[in-house]
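Enquirer: One-letter residues, chain by chain:
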Amino acid sequence: MNFPIPDLNLSFYSSALPIILLSLTSIIALLMGVSKKCNSVKSAMWINNLSLLATLLMIIRLYGISGAASEMFLSGGFIAGRLGYFGQGLIVGVALVVSLLMGDSYIKAKFFRGEIIALFHMVIAGMLTMVATDDLITLFVGLEMASIGIYALIGYTSPTKLSQEGAVKYFILGSIAAAILLFGFAFLYAATGTLRISEISVAIGKISGHSWVELGAILTIVGIGFKMALVPFHMWTPDAYEGAPTGLTAFMATAMKTMIMVAAIRVFENGLSGVHGVWVPVLGFMAASSLLFANILALAQQSVKRLLAYSSIAHSGYMALALAAMSGGVRQYSVPSILFYLISYVVVSLGAFAIIMWLENERCENIIVDDLTGLAKQHPFAAVALSVFMFSLGGMPPTVGFISKLYIFNAALSNNLVGLVIVAAIGSTISLYYYMRVIVRMFMMEGSPVLGSLIKPKRSMVTTWIVGGSVAIILLLGTFLPESALRMAKHSAAEVSGG
Amino acid sequence: MVPVEFYFVLACVMFLIGLFGALFRRNLIMVLMSIELMLNAVNLVFVAAGRSIGNVDGQIMVLFVIVVAACEAAVGLAMVIAVFRKYGTVNTDILRLLRG
Chain A
1 MNFPIPDLNL SFYSSALPII LLSLTSIIAL LMGVSKKCNS VKSAMWINNL
51 SLLATLLMII RLYGISGAAS EMFLSGGFIA GRLGYFGQGL IVGVALVVSL
101 LMGDSYIKAK FFRGEIIALF HMVIAGMLTM VATDDLITLF VGLEMASIGI
151 YALIGYTSPT KLSQEGAVKY FILGSIAAAI LLFGFAFLYA ATGTLRISEI
201 SVAIGKISGH SWVELGAILT IVGIGFKMAL VPFHMWTPDA YEGAPTGLTA
251 FMATAMKTMI MVAAIRVFEN GLSGVHGVWV PVLGFMAASS LLFANILALA
301 QQSVKRLLAY SSIAHSGYMA LALAAMSGGV RQYSVPSILF YLISYVVVSL
351 GAFAIIMWLE NERCENIIVD DLTGLAKQHP FAAVALSVFM FSLGGMPPTV
401 GFISKLYIFN AALSNNLVGL VIVAAIGSTI SLYYYMRVIV RMFMMEGSPV
451 LGSLIKPKRS MVTTWIVGGS VAIILLLGTF LPESALRMAK HSAAEVSGG
Chain B
1 MVPVEFYFVL ACVMFLIGLF GALFRRNLIM VLMSIELMLN AVNLVFVAAG
51 RSIGNVDGQI MVLFVIVVAA CEAAVGLAMV IAVFRKYGTV NTDILRLLRG
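So the protein lines, in turn, are chains A and B.
Residue 293 in the numbering used here sits at position 293 of the first sequence, and the numbers go up by one each step.
Residue 64 in the numbering used here sits at position 64 of the second sequence, and the numbers go up by one each step.
It should be emphasised that the hints constitute simulated quantities derived from the structure, not laboratory data.
A couple of the hints might just be wrong.
[Stated by the list, open to error] Dumping the calculated BS3-like pairs for lysine-lysine here, alpha-carbon to alpha-carbon at most 30 angstroms: (1) A:161 <-> A:458; (2) A:108 <-> B:86; (3) A:377 <-> A:42; (4) A:161 <-> A:108; (5) A:161 <-> A:206; (6) B:86 <-> A:161; (7) A:108 <-> A:36; (8) B:86 <-> A:206; (9) A:161 <-> A:110.
[Claimed, not checked] If we take Cβ atoms under 8 angstroms as the criterion, some of the chain A residues that face chain B in the derived model are: (10) 37; (11) 179; (12) 190; (13) 239.
[As the list claims (entries may be wrong)] Interface residues of chain A toward chain B, partial, derived using beta-carbon atoms under 10 angstroms: (14) 64; (15) 68; (16) 136; (17) 140; (18) 151; (19) 165; (20) 169; (21) 180; (22) 183; (23) 186; (24) 238; (25) 465.
Beta carbons: idealized from backbone N, C-alpha and C, even for Gly.
Given only the sequences and the hints, what does the whole structure look like? Please build it.
Expert: Below, the structure is given as structure tokens:
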């Protein structure tokens, strides 16, 4: 047996520079936290925002110069390709927006501490590793870097009873999920003899009918479904989302979802498409039950964060629907539709969470739907923006939520998943009720002190810009420009779906 | 030589014991131990498979899994301590603020 020396040349360092930079800033932030001179909220904020901005620009540049074919380094440990850079760009963009919002929130002094920023950057570095790898070892290490860091961030940023409870529940179920995923990887390895995703698909072709592969595929889809928060395995999501500080909730709902979806695309499209007869029914079942049960459970929610958590489970269901369509006969629609859905979901959620964070600043606690009563009178701009977000989450035209659902349904229908699409349509009809409830509260009800209409947060430039920006993107992508975003999604998907 | 399938079956049994322990035990320390048991079942499959295939990838993965399990245990125990300081017990039944 010979061990090839990895090819660590300049082009590897330049294409992995975002991950390297974030690992370095993580260490710098940690050292700043223990030094007497530089330990201040301001310096932590500067190093965080500057390094994230630099990383984002770097990723955009790398996305621009990378061609249609991807390049492998470290014998599959790192892939420099458009799909990876797409996911990385989305994740770092989310991290930047979340840090800007945190900088304007009541939790600012707690979040911008050396050790928290160090954890935050490690989490992002883990996410960036996970979306750009062909190797199950690296994928698992990246996943755990992200997950373990997030458990600690939730419990440690502002240790209240709520956040600790959310962290413990998330930790237990997240660790079980990681173990199940890993057990699946172990059986895939046992059956195929390799841990490279691309080699697994080759090996599966040779040994068809091996029951250990099928067990491995089922365990893998269950583990991914746990992390994606699909319905039989969704129990942690509302608790973790409600317990966490709202900025971290926004980060988890968007960046974690991007990471898991991109990794799932790689594992299932590149690796396990040979045994799709085994995992597609499981995934289809999870998608259908998420679409129905998450929307039904969301009807009864009072807390806005909990409502958005159930809505995020339902949105995972839509993406799982497209993932299930991936191994049918018509393959070229499903990956671009997932990526487009990710863009739309990330923009909408960030906007909605930005408004919630801004409203929370006044109160320093979770807000419930009743708190929004009469918001349209006091803050017409915020109320209109929140209605746009709710319309988009519910999938009404002329917002991007409509177009992205259309693409998902198109991908599913072109692979004859008619039953799942009907379930999805029923689910999205149910979901309109609770999205509309928020809008009705804001516009059609008079505020009274009993219901808590006294929220009068002060103006915030950052929130205004971010909310305005997301409204603009939602409306533009929903009307004039969906083509350009779809083209980007198609370019990024070319790496796995071959066109 | 023992057939490799025997190891897999043993690992499945260990994994299920760990899974049921993690889901149904009420004590947080026991839950953590059950999660470790699940990860050890995974390690057993990796080592047995790597040995039978004649490939070191499985053993390398085991090293990574051990490292990650240690990190998980560190964070998990820190959380258990935090819960114990707030509530004076490590029983999961007291974690009932978030529900619905």
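Enquirer: Do the alpha carbons of residue 161 of chain A and residue 110 of chain A lie within 30 angstroms of each other, as the hint requires?
Expert: 16 angstroms, holds
Enquirer: Would the pair residue 161 of chain A and residue 206 of chain A pass a check requiring their Cα atoms to be no farther apart than 30 angstroms?
Expert: 53 angstroms, violated
Enquirer: Residue 86 of chain B and residue 161 of chain A: Cα distance at most 30 angstroms?
Expert: Holds: residue 86 of chain B and residue 161 of chain A sit about 8 angstroms apart, inside 30 angstroms.
Enquirer: Closer than 8 angstroms between Cβ atoms is the bar; does residue 239 of chain A clear it against chain B? Give me holds or violated.
Expert: 4 angstroms, holds
Enquirer: Any CB of chain B closer than 10 angstroms to the CB of residue 64 of chain A?
Expert: 33 angstroms, violated
Enquirer: Residue 161 of chain A and residue 458 of chain A: Cα distance at most 30 angstroms?
Expert: 27 angstroms, holds
Enquirer: Run the distance test for residue 161 of chain A versus residue 108 of chain A: straight-line Cα separation, threshold 30 angstroms.
Expert: 19 angstroms, holds
Enquirer: Closer than 8 angstroms between Cβ atoms is the bar; does residue 179 of chain A clear it against chain B? Give me holds or violated.
Expert: 4 angstroms, holds
Enquirer: Regarding the hint that residue 151 of chain A lies at the interface with chain B, is the smallest CB-CB distance below 10 angstroms?
Expert: 6 angstroms, holds
Enquirer: Interface hint check: residue 238 of chain A, Cβ to nearest Cβ on chain B, cutoff 10 angstroms. Holds or violated?
Expert: Holds, about 7 angstroms.
Enquirer: Let me know if the C-beta of residue 68 of chain A comes in closer than 10 angstroms to any C-beta of chain B, holds or violated.
Expert: With Cβ-Cβ at 30 angstroms, over 10 angstroms, it is violated.
Enquirer: Grab the minimum C-beta distance from residue 169 of chain A to chain B and call the hint holds if it beats 10 angstroms, violated otherwise.
Expert: 7 angstroms, holds
Going through the hint list in order, the structure does not satisfy hints 3, 5, 8, 10, 14, 15 and 25.
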